[in-house]
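Visitor: Generate the whole structure from the sequences, applying the supplied hints.
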Amino acid sequence: MSVIRILLAEDHAIMRTGLRLVLERQADFQVIGEASDGREALAQAQKERPNVVVMDIGMPNLNGIEATRQVSATVPDCAVVILSMHSDEGYVLRALKAGAKGYLLKESAESDLIAAIRAVVAGKAYFSPAVSRMLVEDYVRQLQDREIEDSYELLTTREREVLQLIAEGRSNKEIANQLNVSLYTIETHRGNLMEKLNLHTVPELILYAVRKGVIA
Amino acid sequence: MPVRASLTRAYKGLLTSSRAVLSIGFGGLLILMIVIAISANRAVARIEAGNVGIRREFLDRDHLLHRLRSDLYQYSLGVRDYLLNTDPRVAEQRRTEVLKTETEMDTALQKYGQNLPRPETAAVKELQRDLQLYYATIEPVLHWDAPTRDARGNEFISTQMLPRHEQLVRMAERISAMDSRQLLVGEAHVASVFAGFRRELMLTALAILLFGAALAWLSIARVEALERESDCRYREVVTAREELHRLSSRLVAAQEEERRKLSRELHDEIGAAMSALLMEMGSLDSALPPGDTALHERVQAVRKLAENNVGLVRNLSLLLRPPMLDDLGLVPALKWKAREVARRTGIKIRVEAEEVSDDLPDEHRTCIFRVVQEALHNATRHAGASHVRIQVRQEATQIHVQISDDGTGFEPRLEKGVGILGMEERVRNLGGKLHIESAPGRGARLSFELPLEQPVPVQPA
Chain A
1 MSVIRILLAE DHAIMRTGLR LVLERQADFQ VIGEASDGRE ALAQAQKERP
51 NVVVMDIGMP NLNGIEATRQ VSATVPDCAV VILSMHSDEG YVLRALKAGA
101 KGYLLKESAE SDLIAAIRAV VAGKAYFSPA VSRMLVEDYV RQLQDREIED
151 SYELLTTRER EVLQLIAEGR SNKEIANQLN VSLYTIETHR GNLMEKLNLH
201 TVPELILYAV RKGVIA
Chain B
1 MPVRASLTRA YKGLLTSSRA VLSIGFGGLL ILMIVIAISA NRAVARIEAG
51 NVGIRREFLD RDHLLHRLRS DLYQYSLGVR DYLLNTDPRV AEQRRTEVLK
101 TETEMDTALQ KYGQNLPRPE TAAVKELQRD LQLYYATIEP VLHWDAPTRD
151 ARGNEFISTQ MLPRHEQLVR MAERISAMDS RQLLVGEAHV ASVFAGFRRE
201 LMLTALAILL FGAALAWLSI ARVEALERES DCRYREVVTA REELHRLSSR
251 LVAAQEEERR KLSRELHDEI GAAMSALLME MGSLDSALPP GDTALHERVQ
301 AVRKLAENNV GLVRNLSLLL RPPMLDDLGL VPALKWKARE VARRTGIKIR
351 VEAEEVSDDL PDEHRTCIFR VVQEALHNAT RHAGASHVRI QVRQEATQIH
401 VQISDDGTGF EPRLEKGVGI LGMEERVRNL GGKLHIESAP GRGARLSFEL
451 PLEQPVPVQP A
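Just so you know, the protein sequences line up as chains A and B, in that order. Taking the working numbering, the leading residue of the first sequence gets 1, the next gets one more, and so forth. Taking the working numbering, the leading residue of the second sequence gets 1, the next gets one more, and so forth.
Just so you know, the hints here were simulated from the structure itself, not pulled from any lab data. Do not take every clue at face value.
What the hints assert, rightly or not - One side of the interface only, derived from the structure: several residues of chain A facing chain B at Cβ under 10 Å:
#, residue
1, Asp11
2, Gly18
3, Leu19
4, Ile57
5, Ser111
6, Glu137
To be verified - Taking CB as the label site, the calculated pair distances span:
#, chain 1, residue 1, chain 2, residue 2, range
7, B, His296, A, Val3, 29 to 39 Å
8, B, Gln255, A, Glu204, 31 to 41 Å
9, B, Thr397, A, Gln178, 45 to 55 Å
Said to hold, decoys possible - Covered stretches of chain A (chain B as the covering partner; in silico rule of three or more C-beta atoms under 8 Å from a C-beta of chain B):
#, region
10, 79–92
11, 100–110
By construction, the Cβ of each residue, glycine as well, lies at the ideal position given by its N, Cα and C atoms.
Guide: Here's what the structure looks like:
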């Protein structure tokens, strides 16, 4: 069993201690360092190359979103899980655009953190249930408000499969292998479904998948 | 307000004093003009009457004198005819006529003698005397018989009668000449009266001119003083208003800053501490012996309480100032607000804000967010709207915002609550103007533009 190496970036010491306690109860988790601001977190991530960074969204010096953007850009195999007090989709979208793979609410961090880290290490996206629920509810309300057809109904079964796999973080090549079709076919499916859903970026697509309940 | 009262009093005092001065001045001028008009009218009437009187008197006397002369001729002719006529009947007839003419001449001369100017009296007296002498010369002739007349008639005519007749005629002519001179004297008198009047008129006109000039100068001075005064007051009012605006905008800014601090403190510090507490509770729960259900339940109950508190703190923080306004920018904050209100009230809210920068100046962000917040509050709380549309459009030099709802609407001129006044104030502080279009039963539309001092790059949300 390979060890999951984790960096904790959080400006409140008491929270850091609590998180470390939770993480260290897992035998295969190893907390390799702690950082109390964004700049420190970036430096340690680049030096230690952890599997996962648990990143507080509001930190001094460099904020969590910006630190996430730079970690994602410079440490490719490292997944970032955002810790936030905000359940609003504005923050979620901002985090996803910066390259975060998971989004957790601090108030439920203790119960969701383990699952989140296991999910992002497996290449999947993870959101606190409260966040997913809110995203879905808002989306449904918006659909009702605009009284338009649910665009999801426009997708073919194969496109839905591709949507789920993209949202889980798979590359086109991995999806082609898994579905046993050519890379070109996947690229076509991908283009079609984004056009049908009027989405332009992968973070938007992930958010959409969460709203539709395609992924957790 | 004491300042306002004293201002009003000073202004009214100034008005009253200058009004009195101007009233007296213009009243005096008017009275003077009326007086001069009346006196001019009188003088003209007097001159006219004098002229007419002098002329009529002259004409009357001239007429009398004329008749006297013609009577004289007729008398002399009558006497001659009487002397030269041989027919006794005709002679008798002429004699009667001569006597009659004599009476007429006396009457005329007597009439002429009345109301005579002094220089003429002597001449007329002389004429009267000569006439009596003439009568006396003629008197004996009238008793002559025909042969006497025939014998001495011609001689009498040439030696006695004609010289006296001619003397009388000359006398009458002299009186006539005197009359003409008298006319000239009368006319000269009238002319002098007229000249006097003209002098009087000139003097009065000069007085009016001087008085009017003084009055005009006074009026101009007063008006200038008033203008200076009102200009001064106007500047004071403008300064006071600007001061008030600056104060109110500073107040608004200070309030926002306070809210931002409080919100951050609540959210970041207290919220984070509560989260840590929750985590500790979780650790405590898992560290407890698994069998002790009662203890587990108590820990769970405490945890529930702490969770509620986290929610309370978060709501309080959002209520004070949503952190997304500072963290994410205007549009995400507006979208959050729309979702939050929609979730709470069930109304349908659309936010159309493509291509609006996330880096708008802080005051602009805050202003737009607060106005939209107030408008949403009105739409849901008072208007009972079921649809609200929020549009934000960024242009090169300004940002345009419009909020429309389908609620009950209101009469913007009559129902202006504190909320709307606050919105107007916020918009005005940034150099914009709030427009409200609404009517009972017709929904409401609020719109405003905020000028952007320097262009902010537009980035799609």
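Visitor: Does each hint hold? Answer for all of them.
Guide: Now for the hints, and whether the structure bears them out:
1. Asp11: Since chain B brings a Cβ to about 8 Å from A/Asp11, closer than 10 Å, the hint holds.
2. Gly18: Where the cut-off is 10 Å and the nearest Cβ of chain B is about 4 Å from A/Gly18, the hint holds.
3. Leu19: Nearest chain B Cβ about 7 Å off; hint holds.
4. Ile57: holds, 8 Å
5. Ser111: holds, 7 Å
6. Glu137: holds, 7 Å
7. B/His296 / A/Val3: 29 to 39 Å: Distance hint for B/His296, A/Val3 holds at roughly 31 Å.
8. B/Gln255 / A/Glu204: 31 to 41 Å: holds, 37 Å
9. B/Thr397 / A/Gln178: 45 to 55 Å: Since the Cβ atoms of B/Thr397 and A/Gln178 sit about 53 Å apart, the hinted range of 45 to 55 Å holds.
10. 79–92: holds (count 6)
11. 100–110: It holds, with 4 qualifying residues against the three required.
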